[in-house]
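For reference, the chains in residue letters:
Number of protein chains: 2
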Amino acid sequence: MEKIIVFGHKNPDTDSICSSLVMANLQTKLRREEVIACRLGEINEETKYALEYFGVQAPKFIEKIEENQTVMLVDHNEFSQSVEGIEKAKIDTVVDHHRINNFQTAEPLFYYAQPVGCTATLLFELYKLNNLEVEPKIAGLMLSAIISDTLLLKSPTTTEKDKKSVEELAQIANVDKDVYGLELLKAGTNLDKYTEAELIKLDAKKVEKENIKYVIAQVNTVSIADVLKRKTRLEEEINNEIKKEGLNLFVFVITDIVNSNSEAIVLGDRTDAISKTYEIKDNIVVMPGVVSRKKQILPLVEKNI
Amino acid sequence: MEKIIVFGHKNPDTDSICSSLVMANLQTKLRREEVIACRLGEINEETKYALEYFGVQAPKFIEKIEENQTVMLVDHNEFSQSVEGIEKAKIDTVVDHHRINNFQTAEPLFYYAQPVGCTATLLFELYKLNNLEVEPKIAGLMLSAIISDTLLLKSPTTTEKDKKSVEELAQIANVDKDVYGLELLKAGTNLDKYTEAELIKLDAKKVEKENIKYVIAQVNTVSIADVLKRKTRLEEEINNEIKKEGLNLFVFVITDIVNSNSEAIVLGDRTDAISKTYEIKDNIVVMPGVVSRKKQILPLVEKNI
Numbered sequence: 357m358e359k360i361i362v363f364g365h366k367n368p369d370t371d372s373i374c375s376s377l378v379m380a381n382l383q384t385k386l387r388r389e390e391v392i393a394c395r396l397g398e399i400n401e402e403t404k405y406a407l408e409y410f411g412v413q414a415p416k417f418i419e420k421i422e423e424n425q426t427v428m429l430v431d432h433n434e435f436s437q438s439v440e441g442i443e444k445a446k447i448d449t450v451v452d453h454h455r456i457n458n459f460q461t462a463e464p465l466f467y468y469a470q471p472v473g474c475t476a477t478l479l480f481e482l483y484k485l486n487n488l489e490v491e492p493k494i495a496g497l498m499l500s501a502i503i504s505d506t507l508l509l510k511s512p513t514t515t516e517k518d519k520k521s522v523e524e525l526a527q528i529a530n531v532d533k534d535v536y537g538l539e540l541l542k543a544g545t546n547l548d549k550y551t552e553a554e555l556i557k558l559d560a561k562k563v564e565k566e567n568i569k570y571v572i573a574q575v576n577t578v579s580i581a582d583v584l585k586r587k588t589r590l591e592e593e594i595n596n597e598i599k600k601e602g603l604n605l606f607v608f609v610i611t612d613i614v615n616s617n618s619e620a621i622v623l624g625d626r627t628d629a630i631s632k633t634y635e636i637k638d639n640i641v642v643m644p645g646v647v648s649r650k651k652q653i654l655p656l657v658e659k660n661i
Numbered sequence: 357m358e359k360i361i362v363f364g365h366k367n368p369d370t371d372s373i374c375s376s377l378v379m380a381n382l383q384t385k386l387r388r389e390e391v392i393a394c395r396l397g398e399i400n401e402e403t404k405y406a407l408e409y410f411g412v413q414a415p416k417f418i419e420k421i422e423e424n425q426t427v428m429l430v431d432h433n434e435f436s437q438s439v440e441g442i443e444k445a446k447i448d449t450v451v452d453h454h455r456i457n458n459f460q461t462a463e464p465l466f467y468y469a470q471p472v473g474c475t476a477t478l479l480f481e482l483y484k485l486n487n488l489e490v491e492p493k494i495a496g497l498m499l500s501a502i503i504s505d506t507l508l509l510k511s512p513t514t515t516e517k518d519k520k521s522v523e524e525l526a527q528i529a530n531v532d533k534d535v536y537g538l539e540l541l542k543a544g545t546n547l548d549k550y551t552e553a554e555l556i557k558l559d560a561k562k563v564e565k566e567n568i569k570y571v572i573a574q575v576n577t578v579s580i581a582d583v584l585k586r587k588t589r590l591e592e593e594i595n596n597e598i599k600k601e602g603l604n605l606f607v608f609v610i611t612d613i614v615n616s617n618s619e620a621i622v623l624g625d626r627t628d629a630i631s632k633t634y635e636i637k638d639n640i641v642v643m644p645g646v647v648s649r650k651k652q653i654l655p656l657v658e659k660n661i
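If you read the protein sequences in the order shown, they are chains E and P.
Quick note on the working numbering: the first sequence kicks off at 357 and runs consecutively.
Quick note on the working numbering: the second sequence kicks off at 357 and runs consecutively.
If you're looking for bench data, these hints aren't it; they were derived computationally from the structure.
Where hints are given, some of them may not hold.
Just so you know, same-sequence chains aren't split out, so a pair can sit in one copy or run between any two.
Mimicking DSSO-like on lysine-lysine, the simulated pairs with C-alpha atoms at most 27 angstroms apart in a straight line are [stated by the list, open to error]:
1. Lys-359 x Lys-517
2. Lys-359 x Lys-651
3. Lys-542 x Lys-569
4. Lys-565 x Lys-444
5. Lys-565 x Lys-420
6. Lys-493 x Lys-562
7. Lys-444 x Lys-585
8. Lys-420 x Lys-659
9. Lys-517 x Lys-385
10. Lys-520 x Lys-385
11. Lys-519 x Lys-484
12. Lys-493 x Lys-565
13. Lys-632 x Lys-446
14. Lys-659 x Lys-359
15. Lys-520 x Lys-484
16. Lys-446 x Lys-651
17. Lys-416 x Lys-385
18. Lys-444 x Lys-569
19. Lys-557 x Lys-420
20. Lys-444 x Lys-651
21. Lys-446 x Lys-565
22. Lys-446 x Lys-510
23. Lys-446 x Lys-519
24. Lys-446 x Lys-600
25. Lys-557 x Lys-510
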């Protein structure tokens, strides 16, 4: 039999990469057969920092999968965010913390989701439920994922479970959560090395719903103004993407991780999904206190579209 | 705030009724606020036996729900099997053991599913995980649900977890699982009191997929021949239903719970979904060793359609 593989979403963030490595570790222990961590895209700077810090190899890159391949999904469920060929895969297990949409299976499966800040929080729970020991480097990966997804526990998606997990995981991994956390987040704000075409895809989620297609992309920074110096080129690349993919809306969110604010470049023929709530001026919307795509921006777009 | 409600699927079987009562008990304890068990249809004879045996009132009947009502689903997820208005509800929690299909939410949720024989097996696990005591009558309801769904642990859907749960629950409920189990299943085979129109809806699951609509209904009996004495009238009612609901296929499965075999009446313009695998003669298909809709008949139809 082909080996079971596990992966997070396209344009992987730190949760998607770390949780696939952690899930492979967990499931290999549970099943006593090797489960292989994979990734659907490039490793970003933040994730690279985490992997190097804890001395863990990146998951294997895959582009598509064969029919009937047995797979596990972490940190996503929507087929539009998943691997090419997912429709014909055998989905065995999902551990996720997003809404369920654009997802279906032919057979019953193991599905575990909770509205917490990070997939890794649920994986940590599964280690405990199965009385499995967590090695320090695996704890470090889970810690990194939670810090990344919750912006060091400051995002409104953060729950008590995330906070408690961070405390415990920092202890097992033997790091100071605040010192390590800030270094990790800062590593992710080094955007200079990316072209504009790369920036808009770095952490982009594509949603298809009732014939409307849109993308919400997000980057973290310590200076929104710095990123907006590249506005003209970013707009060009976003408009290219809209044309190429037939999108109705592209929201490119730039989040200030120090002050917990965001501004976004909004383009497409359905910018009304944003402008019904916020004023858009020169394609830019200012969103004070907004940092979470899942909890703040996505529900807004869904409501207005 | 409106109270949270929990319900199983339309045309409720013993798992759907018992698991909604059990889930209401569990969640009321966990949340310290009342969660109310509801049902989407009539109580069948088997379920009635279980409720009377353990002295529990049936859940409240509801036909539809208001917009934004907070709900929990047990034993199903497909909107086509759920309450009227489910599309606009706030789905907070799902505990289920079916594939995921025709289901979506706007927000993250608690979703717990495993490929086990019965929803109640997972609910029993949740009591344990939360260190909550199980009262004897609640254990009796879970026991009844598992016996019903697994045909007293004989269905191919049965897992080790279901078997273990039945042992433990029978002890808490203080009944002999085999004696009680056979009485429970027999109570469900008393089909004489139903009209043919009622029989075909007693435990019917409707599936919509890629513009194909079909129903797989199932009844339990100790004599298939007895049920087939009513074949002409059953066919009339099935054809009425096909016309009324615009169905492509209706499979009415008659399962012999003593010998673990089934025969089915198959009608519609897509009977090829069955005839590709089994010979249909005079609208009847004989399926030796087949007892599980979920594990045996549904995958067959899906593969052939």
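For each hint, the structure was consulted:
| no. | hint | in the structure |
| --- | --- | --- |
| 1 | Lys-359 x Lys-517 | between (32 angstroms within a copy, 25 angstroms between copies) |
| 2 | Lys-359 x Lys-651 | between (35 angstroms within a copy, 24 angstroms between copies) |
| 3 | Lys-542 x Lys-569 | neither (32 angstroms within a copy, 53 angstroms between copies) |
| 4 | Lys-565 x Lys-444 | both (21 angstroms within a copy, 15 angstroms between copies) |
| 5 | Lys-565 x Lys-420 | both (23 angstroms within a copy, 25 angstroms between copies) |
| 6 | Lys-493 x Lys-562 | neither (32 angstroms within a copy, 48 angstroms between copies) |
| 7 | Lys-444 x Lys-585 | neither (44 angstroms within a copy, 42 angstroms between copies) |
| 8 | Lys-420 x Lys-659 | between (33 angstroms within a copy, 23 angstroms between copies) |
| 9 | Lys-517 x Lys-385 | both (24 angstroms within a copy, 19 angstroms between copies) |
| 10 | Lys-520 x Lys-385 | both (24 angstroms within a copy, 23 angstroms between copies) |
| 11 | Lys-519 x Lys-484 | both (16 angstroms within a copy, 24 angstroms between copies) |
| 12 | Lys-493 x Lys-565 | neither (39 angstroms within a copy, 44 angstroms between copies) |
| 13 | Lys-632 x Lys-446 | between (41 angstroms within a copy, 23 angstroms between copies) |
| 14 | Lys-659 x Lys-359 | between (41 angstroms within a copy, 24 angstroms between copies) |
| 15 | Lys-520 x Lys-484 | both (13 angstroms within a copy, 21 angstroms between copies) |
| 16 | Lys-446 x Lys-651 | between (30 angstroms within a copy, 15 angstroms between copies) |
| 17 | Lys-416 x Lys-385 | within (19 angstroms within a copy, 44 angstroms between copies) |
| 18 | Lys-444 x Lys-569 | both (22 angstroms within a copy, 21 angstroms between copies) |
| 19 | Lys-557 x Lys-420 | within (18 angstroms within a copy, 43 angstroms between copies) |
| 20 | Lys-444 x Lys-651 | between (31 angstroms within a copy, 18 angstroms between copies) |
| 21 | Lys-446 x Lys-565 | both (24 angstroms within a copy, 18 angstroms between copies) |
| 22 | Lys-446 x Lys-510 | between (37 angstroms within a copy, 26 angstroms between copies) |
| 23 | Lys-446 x Lys-519 | between (34 angstroms within a copy, 26 angstroms between copies) |
| 24 | Lys-446 x Lys-600 | neither (30 angstroms within a copy, 35 angstroms between copies) |
| 25 | Lys-557 x Lys-510 | within (24 angstroms within a copy, 52 angstroms between copies) |
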